[in-house]
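These are the residues of each chain, in order.
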Amino acid sequence: MRIRRKNLLTVFLILAGLAGVAVAQRSLNDYVLSLVNFVGIYIILAVSLNITNGFTGLFSLGHPAFMAIGGYTTAILTFPVQRKAYFLAGLPEWLARTEVPFFPSLLIGGVMASLAALIVGVPVLRLRGHYLAVATLGVLIIVQVLITNLESVTRGPLGLNGLPALTDLWWVFPWVVVTLLVSWKIKFSSFGRTMLSVREDDLAAECCGVNLFQTRVAALVIGAFFAGVAGGLWAHLVTAITPKSFSLVLAFTIVVMVVVGGAGSITGSVVAALVFSVLTEFFRPLEERLNIYGLGEIFMALIMICILIYRPMGIFGTREPRFMRPDDA
Amino acid sequence: MLRIENLEVYRGRTYVLKGISLEVGRGEIVALIGANGAGKTTTLKTISGLLRPHRGQIAYRTETDQELALDRLPAEEIVRQGVSHCPEGRGVFAGLTVRENLVAGAYLRRDKQGLREDFQRVCELFPILEQRASQTAGSLSGGEQAMLAIGRALMARPRLLILDEPSLGLAPLIVARIFALLAEINARGVTILLVEQNAVTALDLSHRAYVLETGRVTLSGASSAIACDEAVRRAYLGGQPR
Amino acid sequence: MTGGYITQQIVNGLILGSMYALVAIGFTMIYGIIRLINFAHGDVVMIGAFVTLGLLQHLGWPFWLVSLCVLAAGAFVGLSIERVAFRPMRGAPQVTGFITSLAVSIMIQNLGIVFMTAQPRNFTFPDFLQQLLRVGPVSFRVVDLVIMLTALVLMAALILLVRKTRLGVGMRATAENLDVARLMGININRTIMATFAVGGSLAAVAGLMWGGKFGQIDPLLGFVPGLKSFVAAVIGGVGSIPGAICGGYILGLAEVLFVGLLPPIYSAFRDAFVFGTLILILLVLPNGLLGKRMEDRA
Chain H
1 MRIRRKNLLT VFLILAGLAG VAVAQRSLND YVLSLVNFVG IYIILAVSLN
51 ITNGFTGLFS LGHPAFMAIG GYTTAILTFP VQRKAYFLAG LPEWLARTEV
101 PFFPSLLIGG VMASLAALIV GVPVLRLRGH YLAVATLGVL IIVQVLITNL
151 ESVTRGPLGL NGLPALTDLW WVFPWVVVTL LVSWKIKFSS FGRTMLSVRE
201 DDLAAECCGV NLFQTRVAAL VIGAFFAGVA GGLWAHLVTA ITPKSFSLVL
251 AFTIVVMVVV GGAGSITGSV VAALVFSVLT EFFRPLEERL NIYGLGEIFM
301 ALIMICILIY RPMGIFGTRE PRFMRPDDA
Chain W
1 MLRIENLEVY RGRTYVLKGI SLEVGRGEIV ALIGANGAGK TTTLKTISGL
51 LRPHRGQIAY RTETDQELAL DRLPAEEIVR QGVSHCPEGR GVFAGLTVRE
101 NLVAGAYLRR DKQGLREDFQ RVCELFPILE QRASQTAGSL SGGEQAMLAI
151 GRALMARPRL LILDEPSLGL APLIVARIFA LLAEINARGV TILLVEQNAV
201 TALDLSHRAY VLETGRVTLS GASSAIACDE AVRRAYLGGQ PR
Chain X
1 MTGGYITQQI VNGLILGSMY ALVAIGFTMI YGIIRLINFA HGDVVMIGAF
51 VTLGLLQHLG WPFWLVSLCV LAAGAFVGLS IERVAFRPMR GAPQVTGFIT
101 SLAVSIMIQN LGIVFMTAQP RNFTFPDFLQ QLLRVGPVSF RVVDLVIMLT
151 ALVLMAALIL LVRKTRLGVG MRATAENLDV ARLMGININR TIMATFAVGG
201 SLAAVAGLMW GGKFGQIDPL LGFVPGLKSF VAAVIGGVGS IPGAICGGYI
251 LGLAEVLFVG LLPPIYSAFR DAFVFGTLIL ILLVLPNGLL GKRMEDRA
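As you go down the protein sequences, you meet chains H, W and X in turn. Here my numbering is used: the first residue of the first sequence is 1, the next is one more, and so on. Here my numbering is used: the first residue of the second sequence is 1, the next is one more, and so on. Here my numbering is used: the first residue of the third sequence is 1, the next is one more, and so on.
Looking at chain H on its own, in the form it has when it is part of the complex (with noise of 0.2 angstroms):
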């Protein structure tokens, strides 16, 4: 009977989420609503980001690389017609004459990116620690060279504009709950198990007859497959997109947000992308007011410093808070 009261408690806070969504796109501004989408989106990006980094222990630089793909499918698919003649004089034929809707666009650029992500995972997996975060990056740099490059399909470096501006809360919310859901669900499922063994120490893993290979890529195209959404989302939020949204240092930033949240913690990245996003965007004014730019950086990263001097595994470690938990775990 418990299980079921817990299944009835995620219904009901998903429904009150919804309320809220509807109050939110009601009454509040639209720098706050736009902020409120950010959120969402760090959200999800932290989140999937911890099914690779945090569960399964690889230390990947590549997810931007993966949102660069989803956000650039989703763009040029959902790119009216009459616009595609202009801008895109390059795309095939059957490409140039559709149009497809924001939700299978949004499918259809996850699925890419978890493509993309096999077809790197395959060769690059088999590295370790930081010559995997080498290789990553590596893939991030390669990816950002060939869109700014294959001119005809992207636009190059002036990336596209002019996107319609599709996402708002009620895309962006039911997005964020999928991902926790099947976080959370991978997690406490015996593949979650599989995962934090090979994360922990690999070579008992194997001798389990654990396929460390599968686990890994498993575990690369699953969260490339969000990091994908992610990229359509901003895209679509962003009503630009252009191989620069999706550098480096948006790498970086993701990679703290799980580390300092704890990586393996669901909880943790949740409230690092939030607390993350927030803050840098209350330091902006006070930036601007005391004209002393940097200023905010600075405290986060005297923030970030702080809390990993106290708790090296990151705020919530590898564990989420109790009434999170499954009944059994």
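The reader is advised that the hints may include incorrect statements.
Partial pick of chain X residues on the chain H-facing surface, computed with a CB cut under 10 angstroms [claimed, not checked]:
| id | residue |
| --- | --- |
| 1 | Phe39 |
| 2 | Val104 |
| 3 | Met107 |
| 4 | Ala118 |
| 5 | Leu161 |
Bear in mind the hints are in silico, worked out from the structure with no lab data behind them. C-beta: ideal position from N, C-alpha, C; glycine also.
Use these hints to put chains W and X onto chain H, whose structure you have.
Same frame as chain H, now just chains W and X:
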């Protein structure tokens, strides 16, 4: 020379040593035997300063008859006072050559003449080390590494040599050789505290022994007496009459 | 594409590689001894460049004195970073150390912006260094020659330090096994501090060279060398000093050669080619060129 009183040590949250007391007199060979997890390595690490006790004291009598509290000194200082720890699993520096390992052992010493003499002495005791002086320590066999580890500990010209399971993973013939060499080292004036799972050889070599069981000393006395003790026989010596 | 042209490209690559190698050495030494990535290492380069700017151009001090001050400044900054960002983190998981040093790097960069604004400053070396020399088909400035020679001298000095001195044995022992090194009587804190100081000096000198080579410096200049030293050290095998040197030169050569030897339409793809090559190297040698095999734990 060494007196431990009511030592309590935690490792993380685990209560490992629950108040042990033991003594090592000058010139003796004292053995500390017990099963895995009894706390033997923890004891040695606390003596050499890698771990700090929760409670209890470790008193050490120096050359000049001063009494020092080892539990308050940093590890580097403890080595300087003449306590040399040969760690579990040998702990040789695999990437350094044999000679460099010995140099590392003598890190705190500045007397060139004394160093040269000691290097000679180590080479006499372990001729294989002289042969392999320029090879990396990682390329040595298990037995050779054990000899390197002991030789390295000797390079500090210790008054007290503590060894953590020197026989671990070694063939019985090599174990016998190493223990014979330990006897010789002791004959030259070095006090030895030996931790071993291999109770038979340890009791054979040592003058006195302590039995450690889950963090407590359950038996102590002359090694020959302990070797005859019924309970010890059954637990550690295979229950065979000697 | 003549032999002379190719040689010129190779020389250019070696000059760039010298700077990368100097920074990569410090990076890999720090990693080797405490197993943590020092992301703030690149910012020591920036500080070296600014110290040079201040002392050489604004105060007009003689070049040799400025160089010594740069070495000292680098050591000082290195030691500070160790004390502030790394000593409290000892024993923490690797990603944590990465994030803390990233935070320190952000702080240093932004403090630079706050105090010196993000405006790039011009950097001009004394005239005699700017002169052009010609050796056969290859031409370079005196400053380039100085960069290469200084880099070689410093690298040789470092290798001597690490291989022949007592401190060097201490550093290598500590890098192998910290606890056992303590049992030898090696003072771990001092050894680690020495590593950071030496690494910092080298990085600061690289900053001096960087300013001379590129002519312009700004507070954010540390990001690129920091990243490249990370990449170079990893390619060479983290923790290996010869590896870092090789990695630095390979990176420098790859950057220059990919632009110089490929048809111009591919120039924009330079970074992609460089990283593609690096990934290929890693696939063939998963622990870098000279790195130790990570599977030997069991």
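Inset, instruction - Enumerate the violated hints, using their earlier numbering and listing them in ascending order. - result: 5
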